[in-house]
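Trainee: Construct the complete structure from the given sequences, taking the supplied hints into account.
Residues per chain, in single letters:
There are 2 protein chains.
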Amino acid sequence: MTKILVLGAGVMGTALALPAASHTDNQVTLAGSPLDDDLIDAVQKTRHHPTLRVDVPDTIEALKLSELGAAHLRTADVIVIGVSSPGIDWVVELINDSAAAPELLALVTKGLVANPDDALPPLTYADYLQSAVPQVAGRIAGIAGPCIARELALGMPTRVTFASRDIEHARRLRTLLQTSRYRITTHADVVAVEACAALKNFLCIGVSAMISAYPLEDGHAKNPLAALYNQAVLELLILSRWISAASPAATGTTGSDVAFDLAGMGDLHVTVGGGRNSRLGTCLGAGRRLSDVIGNEMAGITVEGVDTGRRLAPGFSAACHSGALAADALPLTAAILHSIESDAAFDFDFTRLPG
Amino acid sequence: MTKILVLGAGVMGTALALPAASHTDNQVTLAGSPLDDDLIDAVQKTRHHPTLRVDVPDTIEALKLSELGAAHLRTADVIVIGVSSPGIDWVVELINDSAAAPELLALVTKGLVANPDDALPPLTYADYLQSAVPQVAGRIAGIAGPCIARELALGMPTRVTFASRDIEHARRLRTLLQTSRYRITTHADVVAVEACAALKNFLCIGVSAMISAYPLEDGHAKNPLAALYNQAVLELLILSRWISAASPAATGTTGSDVAFDLAGMGDLHVTVGGGRNSRLGTCLGAGRRLSDVIGNEMAGITVEGVDTGRRLAPGFSAACHSGALAADALPLTAAILHSIESDAAFDFDFTRLPG
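Chains X and C supply the protein sequences, listed in that same order. When the count follows the working numbering, it moves up by one through the first sequence with no breaks and lands on 355 for the last residue. When the count follows the working numbering, it moves up by one through the second sequence with no breaks and lands on 710 for the last residue.
Honestly, the hints are just simulated from the structure, not real lab data. Relax, there's no trap hidden among the hints.
Label pairs and their computed distance ranges (CB to CB):
1) X/Asp25 / C/Asp702: 28 to 34 Å
2) X/Asp349 / C/Ala425: 43 to 49 Å
3) X/Asp77 / C/Leu571: 32 to 38 Å
4) X/Asp257 / C/Asp472: 31 to 37 Å
5) C/Asp472 / X/Asp77: 52 to 58 Å
6) C/Thr379 / X/Asp328: 25 to 31 Å
7) C/Gly678 / X/Arg310: 48 to 54 Å
8) C/Ser697 / X/Pro57: 34 to 40 Å
9) X/Ala327 / C/Leu475: 41 to 47 Å
10) C/Leu571 / X/Asp37: 26 to 32 Å
One-sided excerpt, in silico: chain C residues whose CB lies under 7 Å from chain X:
11) Ile503
12) Met511
13) Pro512
14) Arg514
15) Ser535
16) Tyr569
17) Ala576
18) Pro579
19) Tyr584
20) Gly621
21) Leu708
We put the CB at the ideal spot given by N, CA and C, even for glycine.
Mentor: Next up, the structure:
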């Protein structure tokens, strides 16, 4: 019997609990964050999750934060971090306060952390947790790839990547979660995978601007969208290699191709056209400014790609200046950062694409 | 003054003539195929192309086949082949009969040719023309990438690849055609580029099946579509390297990554969801058989991906049997071929995806 504790009862945490609970030798607990009391309350009373809009089987124990004891954390074999990025520090505190040291710490939350040295690349959560939760160092697994939570919960075929520095940990996690519909590949470059997972939200903003920038009688032009989708994946490759190479966990290899797989091109495919990053990008492509959009219809909504861009900006600027990154190869990244930092509409100059 | 002759006055040939004619030092002639008399007639009388639905400037000379003389072919510096794939042999005959030997032969037509030895990979048009039009051998350039003809004609930003074995030919062609909105990269592996351009039509059938196979209340599931899009690009990489390596023009390099760029992932992005291959795939994903679809609403319509699959099948089967291709890495290709050859609906088993 493997005890799996999912922290965060939003749509993604809850959706992941479902394939976990379909294995009869797993014992799954879904614990709400400080923001999830109403969700857990609904699940406890009705066994229905109101935002994911699926039933939650009785085999999943649902707990409010007030019901979650240190023993739940300490006895968990696997802890899955399923909160959104602003909750990452809360999770770290919770784990450390309970002195939990699970066999595996799995991470669905995506984002970057500012590097203390702002001339260096930002850190992924994989590296951040490595030092913030030292008792699980080396046993952190990232989960990435094209996965809309509700579709996973409904049993739609879904294919993702599990990554860990020691690939055996990713394989162990796959054994616990894979089903006939939830299909999992494994990878060792967890930092590049996490970098892609975070940066695809950022790059999605610029690609999605093409949904509104070139309207046609029957919708919008597809050529500019495909051109910038393609460019976004190429830039994701460069940025994820740069972040991975600078990681304290860097293996010295010249850089993996994870951008050309599920965590990169696969996830960007599903991210463009759905979700908050795409919604923002579509507004910016129509000529609006960031401050206007987040001050109006997107007020109070976390747009993870904007936060990711802000974490990326200092190191990116330093690396382009020093030549560690070839600025000419990264015009899309530069243009999205310009829109964020200068509060400008996104108006991409296609002659800046490398020849 | 550079004389550019476009053969084929359908939407793509005509669309390409427009950026060419925007360079004042080009002299552009658009010549219709045996099927294009009505189109040329309309252009001559109204300067409007009825299927592309754009005006054609007076600077482009439009000729019916009966008005095209051997001198037009012999004096052309660049001939652009802009017919659809069933017209390729007609073009070869026309060029050879006129003894034309242009400085450059550019190719928009996409498809594969059966290899005389059916245990070997099919040939791309780049290789086929190399021997069929020997007087231009070494001066053939392929044009590939995400480009809907009407959008190019309307001046929507578009980014494509020009490829030629000697990359200087691709660069020369870029000089003649590039504008501020039609952006061009160049590549030397013309065989891999042409293989991607043809095979993306074939792979699009299986990816597009996911548009209908998993309906949801608000459209269709995106996770399976992204999973098979991702898999299609990975298979495109393997197949294009295999075809390129077997080409008489093979350079001995271990294989380029062109599948991870405009001719592969970029073009597949735009092909899925639009066009005839996608339409067929969507029908097959809904449980219908190929014979039913092409016998009814798609009767008489050329579906290039089906023809490409039939050219691919013998060599693919032989290579999987001999171990030259790892069948386990190519489940999507195998499943689409099964649908075509066994006249079966497309019902993909996601557990076949490599782990």
